[in-house]
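Protein chains: 2
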Amino acid sequence: MDIQDLVRQLHIKNDSKIVMLVADGIGGLPMTPDGKTELETARTPQLDELARQGVQGACIPVLPGITPGSGPGHLALFGYDPLKYLIGRGALEATGVGFELQPGDVAVRCNFCTLDQAGRITDRRAGRISSDESGPLAISLRKISIPGVQLFVEPVKEHRFVVVFRGEGLEGAVADTDPQATGVPPLDPIPQDPASQRTAEVAIEFLRQARELLAGESKANFLTMRGFAGKPHLPTYQDVYGLRAAAIAVYPMYKGLARLVGMEVIGQATNLSEEVDLLAQHWADYDFFFLHFKYTDSTGEDGNFEAKVKRMEELDAIIPRITALQPDVLIVTGDHSTPAFLKSHSWHAVPTLLVSRCCRPDHCQQFSETACIQGGLGQFEMRYLMSLALANAGRLAKYGA
Amino acid sequence: MDIQDLVRQLHIKNDSKIVMLVADGIGGLPMTPDGKTELETARTPQLDELARQGVQGACIPVLPGITPGSGPGHLALFGYDPLKYLIGRGALEATGVGFELQPGDVAVRCNFCTLDQAGRITDRRAGRISSDESGPLAISLRKISIPGVQLFVEPVKEHRFVVVFRGEGLEGAVADTDPQATGVPPLDPIPQDPASQRTAEVAIEFLRQARELLAGESKANFLTMRGFAGKPHLPTYQDVYGLRAAAIAVYPMYKGLARLVGMEVIGQATNLSEEVDLLAQHWADYDFFFLHFKYTDSTGEDGNFEAKVKRMEELDAIIPRITALQPDVLIVTGDHSTPAFLKSHSWHAVPTLLVSRCCRPDHCQQFSETACIQGGLGQFEMRYLMSLALANAGRLAKYGA
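Going down the list, the protein sequences come from chains A and B. For the first sequence, counting from 1, position 275 maps to 274 in numbering that gives the first Met the number 0; every step adds exactly one. For the second sequence, counting from 1, position 259 maps to 258 in numbering that gives the first Met the number 0; every step adds exactly one.
Okay, chain A solo, but in the shape it has when bound:
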C-alpha cells in the first residue's frame, strides 16, 4: 500500500482551499563558494513572513541525486510516485505543445534529419534547423493520409515535432528509428509486442509518405521517430484526493501535465498577475489550485543568476494577493532546482514552505535553501507533499482505530 492508496481510503471533504504555488526550478546554488543562492540573494519579505508563520522542509523530487525532468518533477508534486508512473517521451512532447491526448492515442516525438543519396543519415538533427524553417515542413506532413487512422502533426521547436496516431488497436511499444549514429540509414519502427504491430505498420506508411513529401527539401529530407507512447494511465485528483482541482499556468507543458491528473485548466493567463486574477475569479469553484510560475526555471537554464533573483522578487511581490484570499493551506515550492550555476535542472533538494493554522511552525526566519534544511518538515520525498497538504486542510481521516 503506498501513500496514494492510503489517501484514497482516508480522504474526506470539507470547504477548505489549498493553493500550491510552484516556482519552477526554484532551488539554486551560490555562484562562488561563499556566495548565496538566487533565493537567498533575492529580497523576499513576503516569503520570509510566510516562513515565520509556517513550516519548511527540503523536498527530494525523486530520490537523492536524481535530477528530474518536468514530467517526474510535477508528478511528484502532485503526489504521484515518479518511479511508478512514467510519461513516455512522445506523450510528454504532445502534452508540452498543448495537444490533448485521448486514451488509445499513440504520440511520437520526431526529429528532422538529413540523408545522403544512399539514404544514410548525415545529420541527426538537420543542423538544428530553425523553428521558422521546420514549422512549415512539419505542417506539410499533414498531407499524409493513412486509411483508418487519424493523424496529427504538431511543430515543436527547431528539429523537433510530434506526431499522434489515433485509431483502433494502437499501442505504444514500438522501437525508436533513430540509430543514434550518422553514416547509417534510419532503423525501421519495430513492434516490441504483438499489440503494437498495427502502430508499427502505421509508422512505416507514415515514413514512406514523408520520405516522398520531403524528397526535394534541402534543409531536412527525412525524419526519425523516438519515444512512441500512449496516454499515461494516471489516477485523478478527484479519485485519489477527492479534490476539485484547477491548474493555472502560462505554458502548455504544465497545463498538459495538470490535465493528465484530472485537473481542470482554467483561463489563458500570459503572466503571473493574470494567473492570480484567475485564482481570485475561480476561488469558489475549486478546492485545490496549482499555480505555475515558469521564469525561475528558464532564467536558471539560461545561467542568468541576476534574472533569476529578479523573478524570485516578482514572485514574492504577488504573495499578498494570494494570502488575501485566505487559503487554508498555502504551499510554495518548485518541481526541482535549476541553479544558474549549472544552467540546468539539478538534483538538489527543493525549498518548500507550508502555511496553515495547524502546521506546527519551526524556527525558520527566512525562506531559503539554507533555512529549509532546519525546517520542521525535514527532508522528505516530494510525493508526500500532497498528503501533508490534505492533512493540514483537515481532509484526511485517521488511519486505523
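FYI, nobody ran anything at the bench for these hints, they're computed from the structure. All figures in this text were calculated on a predicted structure; none of them were measured in a lab. Mixed in with the good hints, there may be bad ones.
Keeping only pairs whose Cα atoms sit at most 30 Å apart, straight-line, the calculated DSS-like set for lysine-lysine is [unchecked claim]:
| id | chain 1 | residue 1 | chain 2 | residue 2 |
| --- | --- | --- | --- | --- |
| 1 | B | 83 | A | 12 |
| 2 | A | 16 | B | 293 |
| 3 | B | 35 | B | 156 |
| 4 | A | 12 | B | 156 |
| 5 | A | 293 | A | 309 |
| 6 | B | 83 | A | 397 |
| 7 | B | 156 | B | 218 |
| 8 | A | 397 | B | 309 |
| 9 | A | 397 | B | 293 |
| 10 | B | 35 | B | 342 |
| 11 | A | 397 | A | 83 |
| 12 | A | 156 | A | 218 |
| 13 | A | 83 | B | 83 |
| 14 | B | 16 | B | 397 |
| 15 | B | 156 | A | 397 |
| 16 | B | 293 | B | 16 |
| 17 | B | 397 | B | 342 |
| 18 | A | 35 | A | 293 |
| 19 | A | 12 | B | 342 |
| 20 | A | 12 | A | 35 |
| 21 | B | 35 | A | 397 |
| 22 | A | 397 | B | 16 |
| 23 | A | 293 | A | 156 |
| 24 | B | 156 | B | 293 |
| 25 | B | 218 | A | 16 |
Derived CB-CB ranges, DEER-like [said to hold, decoys possible]:
| id | chain 1 | residue 1 | chain 2 | residue 2 | range |
| --- | --- | --- | --- | --- | --- |
| 26 | A | 372 | B | 399 | 40 to 50 Å |
| 27 | B | 12 | A | 372 | 32 to 42 Å |
| 28 | A | 101 | B | 118 | 43 to 53 Å |
| 29 | A | 11 | B | 182 | 51 to 61 Å |
| 30 | B | 322 | A | 14 | 45 to 55 Å |
| 31 | B | 342 | A | 130 | 51 to 61 Å |
We treat Cβ as the ideally placed atom computed from N, Cα and C, and that holds for glycine.
Could you slot chain B onto chain A? The hints should help.
This is chain B only, laid out in the frame that chain A set:
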C-alpha cells in the same frame, strides 16, 4: 527485505536492558501562532538532561500527513510496518477491553440500535445509551447459545460492545450489517469469501436470538455488527528481536496491543508510579520494557492544554526512578501527536529521545518538538525506532562481511 526481516537475521543476545517509555500523544502544537507546545511549556528538567546526554529525532508514525489510530501508532513503535500489518476493528475493540484473542477467533464490534415496528433502524446508536444501561443489556446477550461455537460478549462503552466467536472453521471476511442509514432495516452478515461462510451463519443465528432477547427493551432493541476480524498474525518480539519483552500499562488497550506482538503483560498498575514499581520489581526478568503513560493523550483529546502540560511534568518527575535502574537504552517517545489545539490525534512528527552510552549525542539542550527536528536522528519513520534501540543495546550483528 524490510527492517524486520533484516533484524530477524542479525539480532544477538546479551544482558542489556531497553526501556521504551511511551507518553501517548506526546506531540503537540502551540495554541497561538507565537506560542509554545505543551511539551515546550512544561518544566521538564529531567527530560532536558536526557536530551543533553542523548540523541533526538522526529518520528513519522506512518507516512507524512497520516494520522494514526492507537493500533497503527503502537505497531510502528514496536517496529511493525503499520501499512503491512492491520488490526481489524473487531480485534482492536476486543483487545481494548482486555479480551485475549486466540488464533481462529473472530471478533465483532457491535452497536446497540433501535428499530421501529417494521424493523427499520430509527437510531444507529440507540441514542448513545449510557454505559450503565448498555452494560447489563450486553451481558444479557450471554444467554445466546449456538451449537459448536463458544460465545463471548463484552460491554465496551455507551452503545458499543464486542462479540467474539470461537470455534472451528471461522474466518473474518464478513460484511458489516450497519446500513449507515436510518429508515432501513439492518443488513444481513454476508460472507465475503467461502472460508467465512460459517462465521456468517453463526452471526445470523446470534442476531436471531438477540432480536428475541432484546424485543421488550425500550432503550435498545437490536444491534448492528461492524468490522468482523480475526486475531492479526503478527510475528513476536521473541522471534523478530530475540527479546523477552514486558508491557506495563494501566489501560487494557495498550496491554492488548503489546500482547499481540508477544509481550508479557505484567502487573495491575493503576498509575505511573505503580508502573515504575513493576518495572523495578521485574527488572531481572526481561530484556525490554514497554511502559505506557496514557494521560498525555487523554488531556490532549480533551483540548486541555494546561492539563497536558501538568501530565508532562508528572512524566518528567518519574524519570530519576527509571534512570536509577541504569537501562542500557532509554527511549522516550509517543505513538503519535495529540495537540490540545486539535483535540485529536494528528499527523505531526513525534519528539523522540534515545539515550545510551553509544548514541552519538547531538546539540539539543531540551526535549521538545522544536529541538527534535535539529536532532541527530533526523526525521525518520517510527518503525525504525526498534532497530535503533537494538543497535544501541549492542544487540545487532553486522550486516554482510
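Now the hints, each set against the structure:
As the CA atoms of residue 83 (chain B) and residue 12 (chain A) are separated by approximately 26 Å, the hinted pair is consistent with the 30 Å bound. Restraint check for residue 16 (chain A) and residue 293 (chain B): not satisfied, since their Cα atoms lie roughly 35 Å apart, outside the 30 Å limit. Taken as a hint, the residue 35 (chain B) and residue 156 (chain B) pair is broken in the structure, with Cα atoms around 35 Å apart against an allowance of 30 Å. Between residue 12 (chain A) and residue 156 (chain B) the alpha-carbon distance is near 29 Å, which keeps this suggested pair within the 30 Å criterion.
Pair hint residue 293 (chain A) plus residue 309 (chain A) holds up; C-alpha atoms about 13 Å apart against a cutoff of 30 Å. Straight-line distance between C-alpha atoms of residue 83 (chain B) and residue 397 (chain A) comes to about 17 Å, which keeps the hinted pair within the 30 Å bound. A hinted pair counts as satisfied when its Cα atoms are at most 30 Å apart, and residue 156 (chain B) with residue 218 (chain B) qualifies at roughly 15 Å. Straight-line distance between C-alpha atoms of residue 397 (chain A) and residue 309 (chain B) comes to about 27 Å, which keeps the hinted pair within the 30 Å bound.
Restraint check: the Cα-Cα separation between residue 397 (chain A) and residue 293 (chain B) comes to about 19 Å, which is no more than 30 Å; the hinted pair holds. In summary, the hint linking residue 35 (chain B) to residue 342 (chain B) is supported, as the alpha carbons are separated by about 16 Å, within the 30 Å threshold. Restraint check: the Cα-Cα separation between residue 397 (chain A) and residue 83 (chain A) comes to about 26 Å, which is no more than 30 Å; the hinted pair holds. Taking the CA atoms of residue 156 (chain A) and residue 218 (chain A), the gap is about 15 Å. The hint holds against a cut of 30 Å.
Between the alpha carbons of residue 83 (chain A) and residue 83 (chain B) the distance comes to roughly 19 Å, so the proposed pair stays at or under 30 Å and holds. With a C-alpha separation of about 20 Å, the suggested pair residue 16 (chain B) and residue 397 (chain B) falls inside the 30 Å cut-off, and the hint holds. With a C-alpha separation of about 20 Å, the suggested pairing of residue 156 (chain B) with residue 397 (chain A) holds against the 30 Å cut-off. Annotation: proposed proximity of residue 293 (chain B) to residue 16 (chain B) holds, straight-line Cα distance about 23 Å (limit 30 Å).
In summary, the hint linking residue 397 (chain B) to residue 342 (chain B) is not supported, as the alpha carbons are separated by about 44 Å, beyond the 30 Å threshold. Restraint check for residue 35 (chain A) and residue 293 (chain A): the C-alpha separation of about 22 Å stays at or below 30 Å, so the hint holds. About 19 Å separates the Cα atoms of residue 12 (chain A) and residue 342 (chain B), which keeps this hinted pair within 30 Å; it holds. A hinted pair counts as satisfied when its Cα atoms are at most 30 Å apart, and residue 12 (chain A) with residue 35 (chain A) does not qualify at roughly 42 Å.
Pair hint residue 35 (chain B) plus residue 397 (chain A) holds up; C-alpha atoms about 25 Å apart against a cutoff of 30 Å. Restraint check for residue 397 (chain A) and residue 16 (chain B): the C-alpha separation of about 34 Å exceeds 30 Å, so the hint is violated. For the proposed pair residue 293 (chain A) and residue 156 (chain A), the alpha carbon gap of about 18 Å is at most 30 Å, so the pair holds. Of the pairs offered as hints, the one joining residue 156 (chain B) and residue 293 (chain B) holds, with about 18 Å between alpha carbons and a cut-off of 30 Å not exceeded.
A threshold of 30 Å between alpha carbons decides the hint, and for residue 218 (chain B) with residue 16 (chain A) the separation of about 43 Å lies outside it, so the pair is violated. Distance hint for residue 372 (chain A) and residue 399 (chain B): a CB-CB separation of about 31 Å, inconsistent with the stated range 40 to 50 Å. As the Cβ distance of residue 12 (chain B) to residue 372 (chain A) is approximately 39 Å, the hint placing it in 32 to 42 Å holds. With their beta carbons about 51 Å apart, residue 101 (chain A) and residue 118 (chain B) fall inside the hinted range of 43 to 53 Å.
Evaluation of the 51 to 61 Å hint for residue 11 (chain A) and residue 182 (chain B) yields a failure: the beta carbon distance comes to about 24 Å. Hint check: residue 322 (chain B) to residue 14 (chain A), Cβ distance near 49 Å, so the stated range 45 to 55 Å holds. Range check, residue 342 (chain B) to residue 130 (chain A): Cβ separation about 60 Å, and the 51 to 61 Å hint holds.
Of the numbered hints listed earlier, those contradicted by the structure are 2, 3, 17, 20, 22, 25, 26, 29.
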